[in-house]
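Q: Using the sequences and the hints, build the whole thing.
Number of protein chains: 4
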Amino acid sequence: MLNGGSSSGKTGIARCLQTLLPEPWIRIGVDDLVDALPPSLLDTDSGISFGQHGEVAVSGGFRAIEAAWMAGLAAMARAGARIIVDEVFLGGAASQERTRAHLDSLQVLWVGVHCEPAIAAAREMARGDRATGMAASQALMVHQDVVYDIEVDTSHTESLDCARLVADRCAVLQ
Amino acid sequence: MLNGGSSSGKTGIARCLQTLLPEPWIRIGVDDLVDALPPSLLDTDSGISFGQHGEVAVSGGFRAIEAAWMAGLAAMARAGARIIVDEVFLGGAASQERTRAHLDSLQVLWVGVHCEPAIAAAREMARGDRATGMAASQALMVHQDVVYDIEVDTSHTESLDCARLVADRCAVLQ
Amino acid sequence: MLNGGSSSGKTGIARCLQTLLPEPWIRIGVDDLVDALPPSLLDTDSGISFGQHGEVAVSGGFRAIEAAWMAGLAAMARAGARIIVDEVFLGGAASQERTRAHLDSLQVLWVGVHCEPAIAAAREMARGDRATGMAASQALMVHQDVVYDIEVDTSHTESLDCARLVADRCAVLQ
Amino acid sequence: MLNGGSSSGKTGIARCLQTLLPEPWIRIGVDDLVDALPPSLLDTDSGISFGQHGEVAVSGGFRAIEAAWMAGLAAMARAGARIIVDEVFLGGAASQERTRAHLDSLQVLWVGVHCEPAIAAAREMARGDRATGMAASQALMVHQDVVYDIEVDTSHTESLDCARLVADRCAVLQ
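Residue numbers (our numbering), protein chains in the order written: chain D, 1017 to 1190; chain A, 1017 to 1190; chain B, 1017 to 1190; chain R, 1017 to 1190.
Think of the hints as simulated: they come from the structure by calculation, not from any bench.
Warning: the hint list may mix true and false statements.
[Said to hold, decoys possible] From chain D, some residues computed to sit far from chain R (all C-beta separations above 10 angstroms): (1) G1025; (2) R1031; (3) E1039; (4) P1055; (5) S1056; (6) S1075; (7) A1080; (8) A1109; (9) A1110; (10) R1114; (11) W1126; (12) P1133; (13) I1135; (14) S1175; (15) L1176; (16) D1184.
[Said to hold, decoys possible] On the chain B side, residues computed to face chain A include the following (Cβ under 8 angstroms): (17) G1028; (18) D1051; (19) A1138; (20) G1144.
[Claimed, not checked] From chain A, some residues computed to sit far from chain D (all C-beta separations above 10 angstroms): (21) W1041; (22) D1048; (23) S1065; (24) Q1068; (25) A1080; (26) A1109; (27) D1120; (28) E1132; (29) G1144; (30) A1147; (31) V1163; (32) S1171; (33) H1172; (34) T1173; (35) A1183; (36) R1185.
All values reported here derive from a predicted model rather than from experimental measurement.
By construction, the Cβ of each residue, glycine as well, lies at the ideal position given by its N, Cα and C atoms.
A: Given below as structure tokens:
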């Protein structure tokens, strides 16, 4: 379970993990859930909406589907799939608790993906496909009181090197 | 559960359904699973591979993950999510049986999405992002002995109009 | 020069033409120009902006770059490139005149790509990546007083079949 | 004119430049040309082809279109467009000479975008949308005997900071 703000490098680490880890792991993230949503839950009061300055607002309609989605990912894992989940805990510790409630009986490695706000903002500008402001606003918030098994920081370390640290911990766990 | 060959118009119908149906439905397809796979399961003997002429070869490593993935979608649905699944039953009736085995206790509408092979091939050329040959080779094969609740044909009917027929059946079911 | 409204099927026809025509043709469209723009010209008063209901507003800053871009395409063609241009004449005949002024000494086939507004709107919903309303609002407007060498209609004819008609005219011209 | 190997960070620098520079600059690269090509010039002996291990082979048919394309970009610039070109000089100095021949009378800032081969390869793995091997094979080759006005290195410097160095040089030039 990789948790980090927008443009912190989670997806890059996840892709590298897929190459490094000897067993097949699939990669699923909250972005996939957002892509799967109907128009009625996008940019509306009843779903998830993205402001002009990168702020994200989430309402009950989104939360209900997100809970079912996480229950489904847990079931995939119980059915034998190894999953790298790419998450953004907008609510910090509260999000972690909500997530953890679904993962009963599963072996989970909680990974904090840090990135200095200014560097995440610079990468957001360079990638050009996210609303300006999202990276800086989420960089610290998503880690608030979250408890990790391992933490990496992409500010001055390549995604691949961060992934190596995570893969080493996975090897120990298994 | 929408089943149809490549370029038959399943995704278009699914998107229209998301707009037409009054409740929020999420849209997930086997393409999402393929996107989630590690390099070790793509274009290799142990996963899923796509030939030069659109042929798709699937091996045990892919089948195992696909089964866990379908078990997960079923769990999402049991947890309350309404899901439009975009599927390609490469094995026809056998694929349907494999899928059905996961969907116990769920209300499923089996939808056949037909498209004449020559028309699907023409649309494949127009979209330009699929291997040439995939549409024609799958057009009939995926429906072999599959049993449907409703069948639509996009050959001469817009996706939106096909979606209306499906939405009407959903309304009756609920 | 293919002119048609959003979701009228221009790009599909252009891709089919690339396969049908015996010589290599490259495909460039106004969407590529929009993708190339800096943030300062996107969704601002000084560039091109896209409204919530599909309306497109264009200002002088965009027009200046568009003129240079079209001059560049003309130069590519004079240097020997065969180009399929995918255009949206928001200003109808006025847009055509502005475009024509750059194409001096070049052989141009003006192709009108029609699609009934309701059908274009249905396809816009099915593709899901354009603002709702753009297709319907542009469907007739872009053809206002434009003069064509050939006109096709994708409402009830596949892109590939439309492309065949255009390719036949290209063959006669050369 | 930004020249660098695959995954060296050219596009990120280009996007940041678009934000940093006070005037509107458009961003066009050889990737756009490749996207514009017909199937007959892709992965065939007569066009451009990409090998399993990231090697790129270019033949006369591609060279002819590339020359017309560059002549067109030069014409856009002469017509007043400011252009950030994102290039890969596979032939090193020879590619630069071929390019320079089109840019007569234009003010060009030649920018070398370096990245250590191992770091570019790591980023290639993290992005996941390029053939493995392309980054490492191009990292040094594209700079062979090329003469630059300014050189930046993304190995340990963010794209935005590299872009700032380039923007400062642009400011001096104008």
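Q: Taking the hints in turn, state whether each one holds.
A: Structure-based check of all given hints:
1. With a least CB separation of 8 angstroms from chain R, G1025/D falls inside the 10 angstroms interface cut-off, contrary to its annotation.
2. A beta-carbon of chain R comes within 10 angstroms of the beta-carbon of R1031/D; the shortest separation is about 4 angstroms.
3. The claim that E1039/D lies off the interface holds: its Cβ sits roughly 18 angstroms from the closest Cβ of chain R, which is beyond the 10 angstroms cut-off.
4. Chain R leaves P1055/D outside its interface by the beta-carbon criterion, the shortest separation being 27 angstroms against a cut-off of 10 angstroms.
5. Residue placement check: S1056/D keeps its beta carbon more than 10 angstroms from all beta carbons of chain R (closest about 31 angstroms).
6. Every Cβ of chain R is farther than 10 angstroms from the Cβ of S1075/D; the closest lies at roughly 32 angstroms, confirming the non-interface assignment.
7. Separation of A1080/D from chain R is adequate, the least Cβ-Cβ distance of about 32 angstroms exceeding the 10 angstroms criterion.
8. Consistency note on A1109/D: stated as away from chain R, and its beta-carbon is indeed over 10 angstroms from all of that chain's, at 28 angstroms minimum.
9. Non-interface status of A1110/D relative to chain R is upheld: no Cβ of that chain comes within 10 angstroms, the nearest being about 30 angstroms off.
10. Remark: the non-interface label on R1114/D is consistent with the geometry, its nearest Cβ contact in chain R lying 29 angstroms away (cut-off 10 angstroms).
11. Every CB of chain R lies more than 10 angstroms from the CB of W1126/D, the least distance being 21 angstroms, so the non-interface label holds.
12. Distance check on P1133/D: its Cβ is at least 13 angstroms (rounded) from any Cβ of chain R, clearing the 10 angstroms threshold; non-interface status holds.
13. Distance to chain R contradicts I1135/D as a non-interface residue, since its nearest Cβ pair spans about 6 angstroms, not more than 10 angstroms.
14. Look at S1175/D: its CB is around 4 angstroms from the nearest CB on chain R, not clear of 10 angstroms, so calling it non-interface is violated.
15. The claim that L1176/D is not at the interface with chain R is violated, since a C-beta of that chain comes within 10 angstroms of its own (minimum 4 angstroms).
16. Every CB of chain R is more than 10 angstroms from the CB of D1184/D (nearest about 16 angstroms), matching its label as outside the interface.
17. Residue-level restraint check for G1028/B holds (minimum Cβ-Cβ distance to chain A is 3 angstroms; threshold 8 angstroms).
18. For D1051/B, the shortest C-beta to C-beta distance to chain A is roughly 17 angstroms, which exceeds 8 angstroms, and the interface hint is violated.
19. For A1138/B, the suggested interface contact is upheld, since its CB lies about 4 angstroms from the closest CB of chain A, less than 8 angstroms.
20. Restraint check, G1144/B versus chain A: the minimum CB separation of about 4 angstroms is within 8 angstroms; hint holds.
21. Consistency note on W1041/A: stated as away from chain D, yet its beta-carbon is not over 10 angstroms from all of that chain's, at 6 angstroms minimum.
22. Some Cβ of chain D comes within 10 angstroms of the Cβ of D1048/A; the nearest lies about 6 angstroms off, and the non-interface call is violated.
23. For S1065/A, the requirement that its beta carbon stay farther than 10 angstroms from each beta carbon of chain D is met, with the minimum near 14 angstroms.
24. Residue placement check: Q1068/A keeps its beta carbon more than 10 angstroms from all beta carbons of chain D (closest about 24 angstroms).
25. Not every Cβ of chain D is farther than 10 angstroms from the Cβ of A1080/A; the closest lies at roughly 7 angstroms, contradicting the non-interface assignment.
26. The Cβ of A1109/A lies farther than 10 angstroms from every Cβ of chain D, with a closest approach of about 23 angstroms, so its non-interface assignment holds.
27. Distance check for D1120/A against chain D: the nearest CB is about 13 angstroms away, which clears 10 angstroms, and the non-interface claim stands.
28. Consistency note on E1132/A: stated as away from chain D, and its beta-carbon is indeed over 10 angstroms from all of that chain's, at 29 angstroms minimum.
29. Annotated as non-interface, G1144/A keeps its C-beta farther than 10 angstroms from every C-beta of chain D; the closest such distance is 21 angstroms.
30. Every C-beta of chain D lies more than 10 angstroms from that of A1147/A, the closest at about 22 angstroms, which supports listing it as non-interface.
31. Its beta-carbon lying about 25 angstroms from the closest one in chain D, V1163/A satisfies the requirement of being farther than 10 angstroms from that chain.
32. Distance to chain D confirms S1171/A as a non-interface residue, since its nearest Cβ pair spans about 26 angstroms, more than 10 angstroms.
33. A cut-off of 10 angstroms between C-beta atoms confirms that H1172/A is not in contact with chain D; the least separation is 27 angstroms.
34. Residue-level check passed: T1173/A sits 22 angstroms from the nearest beta carbon of chain D, beyond 10 angstroms.
35. Residue placement check: A1183/A keeps its beta carbon more than 10 angstroms from all beta carbons of chain D (closest about 13 angstroms).
36. The Cβ of R1185/A lies farther than 10 angstroms from every Cβ of chain D, with a closest approach of about 18 angstroms, so its non-interface assignment holds.
The structure does not agree with the numbered hints 1, 2, 13, 14, 15, 18, 21, 22, 25 stated previously, though it agrees with the rest.
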